[in-house]
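When we follow this note's numbering, the leftmost residue of the sequence shown carries the number 267, and every step to the right adds one.
The reader is advised that the hints may include incorrect statements.
Distance condition first, Cα-Cα at most 25 Å in a straight line; then the derived DMTMM-like pairs of lysine to aspartate or glutamate [stated by the list, open to error]: (1) 324 <-> 368; (2) 310 <-> 341; (3) 319 <-> 365; (4) 310 <-> 298; (5) 268 <-> 286; (6) 379 <-> 389; (7) 379 <-> 351; (8) 320 <-> 298; (9) 310 <-> 389.
Just so you know, these hints were derived from the structure itself, not from any lab.
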Amino acid sequence: MKIRVVSSKEEIKTLSENEEIVHLAFRPSNTDIFELVKKCPSVKALHIPSSYKKTISKSAKMYLEMQDINLLEGDVWGHRKDINEYSEVSQGVYDRIKEYRDEGISEEEINEKMVRETRLSPDFIEFLMKQ
Numbered sequence: 267m268k269i270r271v272v273s274s275k276e277e278i279k280t281l282s283e284n285e286e287i288v289h290l291a292f293r294p295s296n297t298d299i300f301e302l303v304k305k306c307p308s309v310k311a312l313h314i315p316s317s318y319k320k321t322i323s324k325s326a327k328m329y330l331e332m333q334d335i336n337l338l339e340g341d342v343w344g345h346r347k348d349i350n351e352y353s354e355v356s357q358g359v360y361d362r363i364k365e366y367r368d369e370g371i372s373e374e375e376i377n378e379k380m381v382r383e384t385r386l387s388p389d390f391i392e393f394l395m396k397q
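Could you build all of it, start to finish, from the sequences and the hints given here?
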């Protein structure tokens, strides 16, 4: 799964309408969120650092919920935007989730294990498990 990394408000204009997950590496305003959703009608999730997530307004959260868009917390560790505008979740993450499911491990326990193994946030792992 590819995550489009957006570093500034100006970059929202450059997004493709096919983006499904967008990581915002800046503190978005309500206007930025509305513009992004308008530009990317197929977006399933916004991924933002935890410090920024705490500052998202209730109205923006409600709007995202009404649009059935997940607001996920986390960072894209070690990603260099100058090399690639996308960060990617490797197939190995999905394979590992499948292995745990095949072993009969509970969803909650899988989430805990995957957070430790991947350094991805719990809500992001939960989102991946639903895909």
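### Query
Is residue 379 within 25 Å of residue 389, Cα to Cα?
13 Å, holds
### Message
Hint check: residue 310 vs residue 298, CA-CA at most 25 Å. Holds or violated?
### Response
16 Å, holds
### Task
Quickly compare the C-alpha distance for residue 268 and residue 286 to 25 Å and report which way the hint goes.
8 Å, holds
### Query
Within 25 Å, alpha carbon to alpha carbon, are residue 310 and residue 389?
13 Å, holds
### Message
Between the alpha carbons of residue 379 and residue 351, is the straight-line distance 25 Å or under?
### Response
It is violated: about 28 Å lies between the C-alpha atoms, which goes past 25 Å.
### Query
Is the straight-line distance between the alpha-carbon of residue 324 and that of residue 368 25 Å or less?
Roughly 39 Å between the alpha carbons, so the hint for residue 324 and residue 368 is violated.
### Query
Do the alpha carbons of residue 320 and residue 298 lie within 25 Å of each other, as the hint requires?
16 Å, holds
### Task
Compare the distance between the alpha carbons of residue 319 and residue 365 with 25 Å, and conclude whether the hinted pair is satisfied.
31 Å, violated
### Pair hint residue 310 and residue 341, alpha-carbon separation not exceeding 25 Å
Holds. Residue 310 to residue 341 sits at ~17 Å (cutoff 25 Å).
Figure legend: structure checked against the earlier numbered hints; hints not met, in rising order: 1, 3, 7.
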